[in-house]
Structure formats: C-alpha cells, structure tokens
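Participant: Chain by chain, the residues:
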Amino acid sequence: MADVSPRTDTSTDADTEDKNLRFQINQSQGIVASDGSDKYRDQKTLRRLAQNREAARKSRLRKKAYVQQLESSRMKLTQLEQELQRARQQGIFVSSSGDQSQSMGGNGALAFDVEYARWLEEHNRRINELRGAVNSHAGDGELRIIVDGVLAHYDSIFRIKGDAAKADVFHILSGMWKTPAERCFLWLGGFRSSELLKLLINHLEPLTEQQLSSINNLQQSSQQAEDALSQGMEALQQSLAETLAGSLGPSASSGNVANYMGQMAMAMGKLGTLEGFIRQADNLRQQTLQHMHHILTTRQSARALLAINDYFSRLRALSSLWLARPRE
Amino acid sequence: MDRIRDLASKKAAVIFTKSSCCMCYSIKQLFYELGASPAVHELDKEARGREMELALIGLGCNPTVPAVFIGGVFVGSTTDVISLHVDGSLKQMLINAKAIWF
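If you read the sequences in order, they're chains A and B. Those letters in the first sequence? Residues 4 to 331, per our numbering, in order. Those letters in the second sequence? Residues 2 to 103, per our numbering, in order.
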C-alpha cells in the first residue's frame, strides 16, 4: 500500500484535512483494529501531532499575511504624512482629527499653527483699528490705548511661541508656521529686529536728534545681540557635530556601544539647549519693540507699528503670489 | 559664595561659565564685541565649582551660567544681560566700571 504522508497538502478545509489524516493513519496502521486500545492510543497521538503541525503551518501563513498588511499600511502612512506636510507648506490648513496615533510633536506643531493663525487675525484687527485712528487724527490718549494694546498683544505671541518651543523646538525653528517669503528672512525662529529698525528709520520722520541717535543705538545693540546669539548657535552646531563624529568608528566591541550611548546622551543634552536660543531671540525681539516704543512719541509708535505691519503684509502677499504662480 | 565674590571683585567684568555652554559663548562674544575683556571662570573646571554654582543659585541666577558681574555687582544671566544691552544700560555699566571707555 502506498505510504501517504500526512504532510501532503491536498486541501485547506479543516474537516477534510481531519478526515484525510484519519484515513492516512488508518491506512498506515493497516486494517482498523476494533479491539486494540494501544493501537487506538497511537492513532490518537499521531493524529494530534499531525494536527499540531497543520495548525503551526496555518499560523505561520496568517502571521506572514498580517506582517505584509502592516508593511503596506506603513508605506501608506508615510505617503499620507508627506502629503500632509506638502499641504501645510502650501498654506492649506489641514485640521487634526485628534487621532491618537499622531505623535505629541505633531500635535504640538499643529496646535501652535492654529494659535498663531488666530493671533494673526486678532493682530490684523488691532492694526486696522490703529490705522483708522491715525487716519481720523484721533487724540494721543486714544492712540496710546490702541498702541499699548498692540504691543501687549505682541507679548502674547512671544509667550505662545515660548510654550510651543518647549513642545516642539524644531517646528518653531523651521519657520513652517510662516509663509515662504517670510521664511527667507528667518532668524532663530522669527524676524531680525535690527533689520526691522533699519526699514523703519525712514518712515519715522520727523525725529529729534536725540531720537535719531537712540534709534541708531538701538539698531546697533540689537544687531550686536543677534550676532552674539548667532555665534552661540554656530558653536552649538559645531559641538553637536563633533559629538556625533566622535561616535563613528568600528562598532564591534561592547566598549564602543557604551561610548555610543554616552555620546548620544551628550548630543541629546546639546539639542536641549536650542529652546534657550529661541527664547533669547524672542526676548530680544520683545525688548527691541518695547524700547523702540519708549524712544518714540505715541504717534510715531503708531506709525512704526503700521509700517511694520505693512512690510509683513507685503511679504505674506508675495508668498501667496508665489504659491499661486503658474507652473509648466 | 566667598569664592564668587572674590573672583567677581578682581576685574571690572567677570563671567562665570561652563565649558560646554553655548549660551555662555554668546555672552562672551557680546562682551568682546563691546570691547570688554571679561575674566571668564569655567565652573566645571574649578575645584569648588559645585559650591560656586550653589552660591549663584542663591543669588537668583537662573540659569546659573552664564553669570555676569560688572564692577563686582551681580548683573544676571543671559536674559538680563541682553535686556540691559537693548536699552543701553549694559554699555553704561561697563563704562562706569571702567571695563570699556566708550
């Protein structure tokens, strides 16, 4: 009689398999023994073993199918993330569904983008109010209230940025929350006060000698502070690069693994100081605005704030034009 | 504390730093740009560095480095120094302490 191996896969149906197994075992055992309890126990064992093998095989097949599904889902997810990033770059606000699979960092960035958009809207409303007051030759008292309001509102974005930098410093540093043309001029997560003052000087006339000298000093001081912070950032980059380069090399021995971990820990520490640089840069912006206001009269401050807003509005308009430009 | 006070009184401009601190590097560059030659003491290289750091915490210096003293007087850390520089006070302090001349 032909020896039919129970491993031969002739069907995937469990019941049929079972019947086949029983048949195969009976065949290899010879005629069915009606009274041999030993033979029956052997039959049972053999059958159990064969069933185990079959179950194991099916389990492996299921696992393989599951892993393949995971891989293709992962690729899809990466694609979606890239699309989302592209959409955001184009200024299209994509709302988060509150999906828990999103990382904390991602949520922090989106949350900030929303807050910034809201802040900008409120800022524009205040600027329009200021423009109205200036054009209608409002009194100093009324102007001062509106100007103080705009400056206090500036304070709130610096506070919001500070919190956002704690959650996701790289998002703030990237400037992705600003429009493309603004990003051209990005310095440590925001605008350069010294450049702003250079632009303003011509729009602030008439200035007294004292005022002109003070504004020039302010421009020079903020430039010096900016340079100092920039050099600190360069030193940080250099230090980080050296730390990471130090961990290169043959990674065979366990000693090197310990080295690697130590150097990664050091690099992590250095990355942590980035938030401090953003904070100091924002502090510089805030202080420069405050001191400018201190040097100028109320009316001059009003005109300065309007000029600053005009400038950034143009940058944002330029960004929109750029994004909408016809392409081949 | 004594060591801090002692070192702080020895030169018109004194900065306490740590060798790995890049913000300290920024503040040092600012002082050099202004023409000051501050005495720089790295706490991680000082024998009593930990003690000195605690003394700075006691002075309210946050973060502890960089810690700036002008004319022996505690000025503050980075935020304070930059704020004082923006309104012109830092330069005046340095002139008064004869760390710079103009």
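Calculated from the structure, these hints are not laboratory results. It is possible that part of the hints are untrue.
Quick list of in silico lysine-lysine cross-link-like pairs, DSS-like style, CA-CA up to 25 Å [unchecked claim]:
id	chain 1	residue 1	chain 2	residue 2
1	B	K19	B	K46
2	A	K201	B	K11
3	B	K11	A	K273
4	B	K92	B	K12
5	A	K273	B	K19
6	B	K99	B	K12
7	B	K92	B	K11
8	A	K169	A	K66
9	A	K169	B	K99
10	B	K46	B	K12
11	B	K46	B	K11
12	A	K47	A	K66
Participant: Of all the hints numbered above, which does this structure not satisfy? Sort the numbers upward.
Facilitator: Hints 2, 3, 8, 9, 12 are the ones this structure does not satisfy, whereas the remaining hints hold.
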